[in-house]
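A.B. asks: So the sequence lines, in the order shown, correspond to chains D and G.
Residues 35 to 263, numbered by our numbering, are exactly what the first sequence covers, in order.
Residues 35 to 263, numbered by our numbering, are exactly what the second sequence covers, in order.
Worth flagging that the hints you see were computed from the coordinates, not collected in a lab.
Each residue gets a CB set at the ideal place from its N, CA and C atoms; glycine is no exception.
Among the hints, a few may not be true.
Selected chain D positions facing chain G (in silico; Cβ < 8 Å) [as the list claims (entries may be wrong)]:
#1 Glu109
#2 Val159
#3 Pro218
#4 Thr221
#5 Thr222
#6 Thr242
#7 Glu244
With a straight-line cut-off of 30 Å between C-alpha atoms, the simulated DSSO-like cross-links for lysine-lysine are [said to hold, decoys possible]:
#8 D:Lys208 / D:Lys260
#9 G:Lys156 / D:Lys212
#10 D:Lys115 / D:Lys69
#11 D:Lys212 / D:Lys115
#12 G:Lys104 / G:Lys212
#13 G:Lys156 / D:Lys115
#14 D:Lys212 / G:Lys212
#15 G:Lys59 / G:Lys235
#16 D:Lys235 / D:Lys208
#17 D:Lys156 / G:Lys260
#18 D:Lys156 / G:Lys104
#19 D:Lys69 / G:Lys212
#20 D:Lys212 / G:Lys69
#21 G:Lys260 / D:Lys212
#22 D:Lys69 / D:Lys156
#23 D:Lys212 / G:Lys208
#24 D:Lys59 / D:Lys115
#25 G:Lys156 / G:Lys69
#26 G:Lys208 / G:Lys156
#27 D:Lys260 / G:Lys260
#28 D:Lys156 / G:Lys212
#29 G:Lys156 / G:Lys115
#30 D:Lys235 / D:Lys104
#31 G:Lys212 / D:Lys260
#32 G:Lys235 / G:Lys115
#33 D:Lys104 / G:Lys156
#34 G:Lys156 / G:Lys59
#35 G:Lys235 / G:Lys69
#36 D:Lys235 / D:Lys59
#37 D:Lys260 / D:Lys235
#38 D:Lys212 / D:Lys260
#39 D:Lys235 / D:Lys69
#40 G:Lys115 / G:Lys104
There are 2 protein chains.
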Amino acid sequence: MASSGTTSIPRAVVEHMVREQVYGKLGVPLPPSAKAPNALVVNVSARHCHLTPQAVEALFGPGHELTPMKWLYQEGAYAAKETVTLIGPRSRVISNLRILGPCRDLNQVELAFTDAIALGFKIPVRMSGDIEGTPGCMLMGPNGYFQMDQGVIRAMPHVHMTPEDASYYGVEHKDIMKMRVHGPLATTFENIIVRVDPTFKLEVHIDTDEGNACGLGAGTFCELGKLGI
Amino acid sequence: MASSGTTSIPRAVVEHMVREQVYGKLGVPLPPSAKAPNALVVNVSARHCHLTPQAVEALFGPGHELTPMKWLYQEGAYAAKETVTLIGPRSRVISNLRILGPCRDLNQVELAFTDAIALGFKIPVRMSGDIEGTPGCMLMGPNGYFQMDQGVIRAMPHVHMTPEDASYYGVEHKDIMKMRVHGPLATTFENIIVRVDPTFKLEVHIDTDEGNACGLGAGTFCELGKLGI
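Chain D with its partners taken away, still in its complex shape (with noise of 0.2 Å):
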């Protein structure tokens, strides 16, 4: 099951839990969609930027840090109460961009498609971190710009998972998996890109154009299985 709250425990989660208890009670064994380690949670990034420290303090001020104002289901990831406006080459404006928090070492900008032609700009569809050769672009805040000269993308979307869940799925980082969103617009993405870590929590990322397409809500019915299956 899909949620797209991120600041209390996910309704996918809730489930996951409540059909543990109920069918261990009830001395049933788990339906096979029942038995994840984990409840898969899928949620819809809305276009978004990563920020280094450097690109803070040109972008707020000397010495800024970023405020959480909403924790995110990945440990320690929030986003942030600042947000920059965005200049495309074209001097076309994307007021209000977040930013996501905590900092890193390289400055990442995440559109969907429908953003990019808004700016009148072509982006490459690439994994997070892989950023060369792709096109850059401006950013203001109140204290004056910072300038990109590259790391504007379409994030692929992905799947973060731990060891235990990629066992679990038979896949391993890097890996591509699939998805079935059901509904009214049932939609399989069929190039979900696996990222295994220890400190991730099972939960697939989609952008404003995926989400729109297939009409995620937060109680859509999804499946994450192998490519082929």
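For this one, chain D is given, so just place chain G on it according to the hints.
C.D. replies: Relative to chain D, chain G alone:
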């Protein structure tokens, strides 16, 4: 193969003809994917509206008729020179909403979810013409306003086809098919509704959310199939 071109012969149609010629000359049987009676053309429908002659007159003046600007792939259909301004329920606006001609006997606005979110309202997914109980909006033209009490929908992804195509694919009017879009954002849309009419040409219509989600381009390879195959 998909084509987003609409004025000249779509790339998919040319390729389909070339393939038939080449295999014929070589005396080699056609591969299964090339055996369909017609090329599969896939086009992205950006937001647009269909209007009655009465609405056109209210918006553009008594006696006004739509002027074809660009012919679409379906016989007789065109993007009109005329556009209107759509005013949503929270006074938010979409300018330059294209009118598609010729006029129909009902007024209908087709938006992507991204458009509806920008306007600040929820719209249902409906088959074209099925507008009972859907939200309305206000349209503004150079001659005045026209109030639509209902008719704002997200069009269900659909495929136009002739009875001959339907027979080839083994489907009937209003059946559901799926379409696999290949490429780096490979996606299968599983709720493509079939519309059969002898005057139709084989063409899948998806909206901008779906087109952007899967990164559909002029050369993107697409396959249409029955559900469950």
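A.B. asks: Could you run down the list of hints and mark each one as holding or not?
C.D. replies: Hint check results:
1. Glu109: Where the cut-off is 8 Å and the nearest Cβ of chain G is about 28 Å from D:Glu109, the hint is violated.
2. Val159: This interface hint holds because 5 Å falls under the 8 Å limit.
3. Pro218: Nearest chain G Cβ about 5 Å off; hint holds.
4. Thr221: Status holds, d = 6 Å.
5. Thr222: holds (4 Å)
6. Thr242: Check passed: Cβ of D:Thr242 comes within 7 Å of chain G, closer than 8 Å.
7. Glu244: holds (5 Å)
8. D:Lys208 / D:Lys260: Distance ~12 Å between D:Lys208 and D:Lys260 Cα, so the pair holds.
9. G:Lys156 / D:Lys212: Answer holds: G:Lys156 to D:Lys212 is near 28 Å, not above 30 Å.
10. D:Lys115 / D:Lys69: violated (38 Å)
11. D:Lys212 / D:Lys115: Between D:Lys212 and D:Lys115 the Cα gap is close to 34 Å, so the pair fails against 30 Å, i.e. violated.
12. G:Lys104 / G:Lys212: holds (29 Å)
13. G:Lys156 / D:Lys115: holds (27 Å)
14. D:Lys212 / G:Lys212: holds (16 Å)
15. G:Lys59 / G:Lys235: holds (27 Å)
16. D:Lys235 / D:Lys208: Holds. D:Lys235 to D:Lys208 sits at ~16 Å (cutoff 30 Å).
17. D:Lys156 / G:Lys260: Status violated; Cα separation ~34 Å.
18. D:Lys156 / G:Lys104: Judged against 30 Å, a Cα distance of about 25 Å means the pair holds.
19. D:Lys69 / G:Lys212: holds (29 Å)
20. D:Lys212 / G:Lys69: Holds. D:Lys212 to G:Lys69 sits at ~29 Å (cutoff 30 Å).
21. G:Lys260 / D:Lys212: Given that 30 Å is the threshold and the Cα spacing comes to 20 Å, the pair holds.
22. D:Lys69 / D:Lys156: Distance ~42 Å between D:Lys69 and D:Lys156 Cα, so the pair is violated.
23. D:Lys212 / G:Lys208: Measuring from Cα to Cα gives roughly 27 Å; hence the hint holds.
24. D:Lys59 / D:Lys115: violated (44 Å)
25. G:Lys156 / G:Lys69: violated (42 Å)
26. G:Lys208 / G:Lys156: The given pair, whose Cα atoms are some 25 Å apart, holds under the 30 Å limit.
27. D:Lys260 / G:Lys260: Distance of about 22 Å is within 30 Å: holds.
28. D:Lys156 / G:Lys212: holds (28 Å)
29. G:Lys156 / G:Lys115: Measuring from Cα to Cα gives roughly 28 Å; hence the hint holds.
30. D:Lys235 / D:Lys104: holds (17 Å)
31. G:Lys212 / D:Lys260: holds (20 Å)
32. G:Lys235 / G:Lys115: holds (23 Å)
33. D:Lys104 / G:Lys156: Holds: D:Lys104 and G:Lys156 sit about 25 Å apart, inside 30 Å.
34. G:Lys156 / G:Lys59: Since the Cα atoms of G:Lys156 and G:Lys59 sit roughly 54 Å apart, the hinted pair is violated (cutoff 30 Å).
35. G:Lys235 / G:Lys69: Given that 30 Å is the threshold and the Cα spacing comes to 16 Å, the pair holds.
36. D:Lys235 / D:Lys59: At roughly 27 Å apart (the allowed maximum being 30 Å), D:Lys59 and D:Lys235 satisfy the hint.
37. D:Lys260 / D:Lys235: Judged against 30 Å, a Cα distance of about 18 Å means the pair holds.
38. D:Lys212 / D:Lys260: holds (6 Å)
39. D:Lys235 / D:Lys69: Distance of about 16 Å is within 30 Å: holds.
40. G:Lys115 / G:Lys104: holds (8 Å)
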